[in-house]
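S.K.: Line order of the protein sequences matches chains A and B.
At position 162 of the first sequence the residue is numbered 162 (my numbering), and the sequence of numbers has no breaks.
All you need for my numbering is the position in the second sequence, starting with 1, plus 1000.
Simulated from the structure, these hints should not be mistaken for laboratory data.
For every residue, glycine included, the Cβ atom is placed at its ideal position computed from N, Cα and C.
Stretches of chain A that chain B covers, calculated by requiring three or more beta carbons in the stretch to come under 8 Å of a beta carbon on chain B:
(1) 401-407
(2) 429-436
(3) 471-481
Selected chain A positions facing chain B (Cβ under 8 Å, derived; list incomplete):
(4) Thr215
(5) Leu219
(6) Thr221
(7) Glu374
(8) Ser391
(9) Gln394
(10) His398
(11) Tyr418
(12) Asn423
(13) Ala426
Now for the letters of each chain:
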Amino acid sequence: MTKSIGKRELAKKDVWIQECIVIGACFLYLLFKIHPVLILESHPPIFLIDAGFLSESLKIPGGLTDWLSALIMQFWFSDFFSALILSLCLWIVTFLTREWMEILYEKSIIHTFHLIPAALLYVLFSRYHFELRIIVALILNLAALVLFIRWAPKQPIFRIVLGAAITIVLFWATGGAFMTFTVLYGLNELIVKKQILSGFILISISFLLPFIASTFIFLVTLKQAFLHNQVVEDPKELLIVKCSVFGFYLLVFAFSLLIKTVVVQKQLKRIIRLPYTLKLGVGVLLLLFGTIFLEQKLCNPTIRLAHEINRFVKESRWPDVLKSVELYPEIVNPLVSYHTNLSLQQSGILLERMFTYPQILGTIGLLLDYRWCESWPEEASNVFWKLGFLSESQHWAHEAFEYKGYTPGLLNRLGTIYMLKGNNEAASRYFVNLKNIPFNNTIAENLIRLNTNPSDIRQDTELSHVQACMLTEDIVYRGGPSSFQLELLLKKNPKNKMAFEYLMAYYLLDGNIKEIYSNVSKFNLFGYSQLPRYIQEALIFGAAVNQKLEFNQVNNMIDPFIFKRFMEYRQIFLNHNGNKSIAQHYLQKSFSDTYWYYFMFLKPAPQKSENPR
Amino acid sequence: MKIIKNYKRCVYGLFLIPILFLNFCCTKPDIPSDALSLGRPAEIEPDYSGIVIPPNIAPLNFLIKDLGEEYFVQIHSKQGDPIKIYSSSGHIQIPLKPWKRLLAENIDQQLIIHIMIKNQTGQWAQFDSVINQIASEPIDGYITYRKIGPLFNHWGKMGISQRCIENFIEEPIFLNSLTTSDNCINCHNFCQNRTDRWLLHTRFGPGTSMLLTMNGEVKRVNTKTTFNGPGGYPAWHPSGKLIAFSVGKPMQFFHTSGETRDELDRSLDIIVYDILTNTVTTIPEISSPDRIEIWPVWTPEGQYLYFCSAPKIETFFIKSHFGEDSLLYDKIKYDLMRISYNLSSRTWEKLETVLSSAEIGLSISQPKISPDGRFLVFTASRYGSFPIFHSDADLYLLDLKSGRRERLALNSDRADAYHSWSSNSRWIVFSSKRQDTQFTQLYLSHIDSSGCSTKAFLLSQEHPDFYQKHLKIFNVPEFTKEPIRVSPRELTKAVFYNALAAKLDPKIMVTNKAMSAAQVKTP
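Chain A with its partners taken away, still in its complex shape (with noise of 0.2 Å):
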């Protein structure tokens, strides 16, 4: 006895270390690899400290989940705080998971099995949308579940009372989730217990509670009542992944009643027999494995570059941008463009190495136009606030302040966008609720401070800067970006170099040669002591095909060796007779990067300005 009850604590570590080289190894595969605070780019959580946030939360079922996650989320910081608290979560999912697994298993030792769930949930969480309520609302699910098994009162009637009301907080408390507990314990009485009654109360729960909640008490639809916080509610992605974690749950189920059979545990004898280490270690690999080759798999890599380009953006970590782009030359995505662009300005290099990189969408991959503004408003804003185009970086603010809600980075920039323009009692209302945020009363009180001295804004380099490009006479336009916009930007300041850069590289990317050359004699106002490189390929090459442009007139601006090269360019051309799809395919080899191979072959077709409505 003693001995078997050794054995028992010996396996029981063993398990413990088996969960530690998975949960360890996952939290080391999402520091270095995931990176899992640019979940925060796909959905920033939303969470104030005030009475009225929490008591809106729990005006529907699950919204304290809600609330409960996004205060937990206040906390991702970095990538290793995310790892931590997310491998944290997951641990606890697989402990509760073995805690019930023994239960249902009685004298078994239960390994590797009770990872899986955590390591589906790993696997979804490696797409950037799936959302850490949902993983709250399990762990609350399985905690009552496995304490209500080991505690319910021993007499039917009670418990049926009990379940039932548990049902009930557990449904308000994590909304569709809680059919977890529900389903399980009900499963449990029903079939193991031969309670009968309890259970059929309690499946019969599941299904007529949300029913009920949304029709006579809580203002949800029946789906939102029925799904939120489960694990598929968002069928749109890795529907199966989700379904297998619930589906865990109810097979790991059936394989309990299963394993009561003759036949399964004669076949099951053969498996026990093996030695112990080996079966953890094998599931050990078998898990990391399976994850690994799983996330690979299902990995979308345009969202995590996107989400990646954009935190950088958010840290004006521009060298990493531009890193991060060359790795994955092939995705050609409208954002990531417009980050590249950004980052290359910022840089101070646009217009030296922007044809380096791909600009196949032409000015939308700079300016974006009002279809992508809509998909990414707070990019699109934040390219306008450093312009200094306030009106527009405030129409896109709030455009994303509808989808996003009070993020602190949309509090802060509307507030701000008031403030300068001179509007502090607005401002002020988007400083109250910034200070309400986790972590942000030092940001929130330094703005309130400046919005109730305006005087002290010229001490803020960057607040000092927009305010100076920001315009003040008013004029109206439509439509999307243009070059209209940065136009109008260089006649309010015509010292606002970004406005100037963007203006020259949007002339590029249209094609727009001329006014390039009528502004070439601005580029010394910005401290250029000679000409940038694509500015000089675009002379030349519309000087060579008649631009209204004479090769004289732009001679003395050209670089011999670019000239040199654009004679090379110009001789393999003729070479294939002028046959552009021909010529296509040599000079890509070594011109790929110019300004005239752009203009000839990659600059799309010229886009109408779409109307707003």
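Since chain A is already given, all that's left is putting chain B on it; use the hints.
M.R.: Chain B only, in chain A's frame:
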């Protein structure tokens, strides 16, 4: 025995501690009767000083912005017990029942608010008293409005809510989260301030149509026909049998400074929907291809339809020297028109210009007539028909009896626009951006029988600091005398009903298939 004694002591002690604690907390400070007078009014927010208030309004909770250690507020009138409030934060929340009692006992009397402040040295000082007037006329008990963010094009969650003015209860009437967030909900409108006949519109999502509620039954009606798009701004005929709508498309544009958003109208017309026959009709006088017609409103006896009219938008496009279209948006000014209507014969008569934009120098929009038929209040701004975006927008009163016209005293130097009359014609609620030029809030004002308005005051909220952090706007306020009796769930269900398609009056010949260029010709 000793143990029992000690146990009893512990129990008594446990009960005593909270009692002592509460007593300590509730101990009123000694307010000296000869407190120093500061000789100025307190800085309170919202500004509830010098106003006329209805006798049935909820407490006017406010914040004292002057810094102090403690505050004491006493509210009293001629009759009844004064209300005394102590606060350490400056947040003054007036208890509901004593407030209601005080107001009910002092109709047509002054309401005086004394405010005292204790400084760091422990000295109490008194501000100048706030003196308000309690009106004899009550206000309609409910305001229905839409709460949205300061939107540009896109919206997230939005909803129509109804607020009881007599307390702070706000109930949701319809939420777009109950259908999908794609829905925009707007243009709620009530027949004669009653909720037995009312409507709202859902757009851009499931159930795009009008939800028409008649005596508790909700119908889904699609007012789109071969002539017109779905109905827009509505106006109930007092009979409850007809609804006039303006139909057409707005056009958004932007400014580089000041208020960024702006809106103009393209090809708007007015149609009249007959509920009984499910027919849409119109006439060239209210659907002219050369003009834009918008903001219909019926007179209380139903004899006239008033509306605003301007030349069509194409008139204001000019070619710039670059060959691009340039819009002279600030030249677009609307006139106030009216046309007489005979309900029994369903015939229209003379079209008249009531007030031209040239006469007033401003563009006229959003006319509303008081239920007693005496006054018409409209919004006037420099151009256009969407005045909430214009800081110069003000409310004007037109005396329909004498023709006198004046700018109401309740205006501010910021946008004051869309309003609604109470059923007794003595109160209006209107939208104003006077607080911060960005967030539209609701203000109330008393209008007497001669058309004079009093100082407007902000609709009060339970928490005095509500407006300091609220990031939504209150849109399209409408008074009702009673609550809406249809539940949000019933309205949601109706969204998924089959829509009753309105028929176009056969008298109307649509001469051009393109909706925007459709012309009305009646034989």
